[in-house]
Amino acid sequence: DGGITQSPKYLFRKEGQNVTLSCEQNLNHDAMYWYRQDPGQGLRLIYYSQIVNDFQKGDIAEGYSVSREKKESFPLTVTSAQKNPTAFYLCASTPLTGPGDYGYTFGSGTRLTVV
Amino acid sequence: AQSVAQPEDQVNVAEGNPLTVKCTYSVSGNPYLFWYVQYPNRGLQFLLKYITGDNLVKGSYGFEAEFNKSQTSFHLKKPSALVSDSALYFCAVRALNSGNTPLGFGKGTRLSVIA
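Sequence order for the protein chains is B and H.
If you read the first sequence in our numbering, its first letter stands for residue 16, the second for the next number, and so on.
If you read the second sequence in our numbering, its first letter stands for residue 630, the second for the next number, and so on.
Bear in mind the hints are in silico, worked out from the structure with no lab data behind them.
Check the hints yourself; a few may be wrong.
To be verified - Beta-carbon label-pair distances, calculated as ranges:
1) H/Asn684 with B/Asn33: 44 to 54 Å
2) H/Gln674 with B/Gly55: 29 to 39 Å
3) H/Leu725 with B/Ile66: 21 to 31 Å
4) H/Ser657 with B/Arg126: 29 to 39 Å
Where is the CB? At the ideal position from N, CA and C, for every residue including glycine.
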């Protein structure tokens, strides 16, 4: 079945540690996105990529980094510079060809907790 | 610029009663509009979308939404609520001619259906 897979489901980070969240899709979608979800704040865009080897900052990119070496994969690294990383992280993808009326397909999320 | 407002953080409704979850938007030009639902610790699931055509859009699980251009609204409705409809609902928008601009999401409305 086609879909978008995020791993791990739960992740614990120690102070000063970098951690990487995985996002893989087999939908042949061009664009991929990372969102952060905090209670009462909805979804905030961290980074997005519309083509391999290219990506753009979203609204809250500070303290995060991404790569897009393959069309299927868009990992997110939460660096030690991110002072409040505890949140639910969602990855999404969408095709870009066609009339542009596609919504997003979301992964099931990764809950990151600082310990 | 694009933005979405969901004026209610929480909506409570009795099972069997009709429900409405409100959404207003702001875009330059004509909009693409979406509704998504999120269950606890899960990703967002697509419910329905408005592109062009009939102002009343029907979607999954008996939900529908009414597009009102003059009021820039896209309220989600269901004639008879179920307890299983209890979840977090997000409205999203992008402009028709915005290229590949990422979707803008509202902050979400928590729907609670009481038996």
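Verification of the supplied hints:
1. H/Asn684 with B/Asn33: 44 to 54 Å: Once the Cβ atoms are compared, 49 Å apart, the range 44 to 54 Å for B/Asn33 and H/Asn684 holds.
2. H/Gln674 with B/Gly55: 29 to 39 Å: Because 21 Å falls outside the window, the suggested range is violated.
3. H/Leu725 with B/Ile66: 21 to 31 Å: 22 Å Cβ-Cβ, so the 21 to 31 Å window holds.
4. H/Ser657 with B/Arg126: 29 to 39 Å: 36 Å, holds
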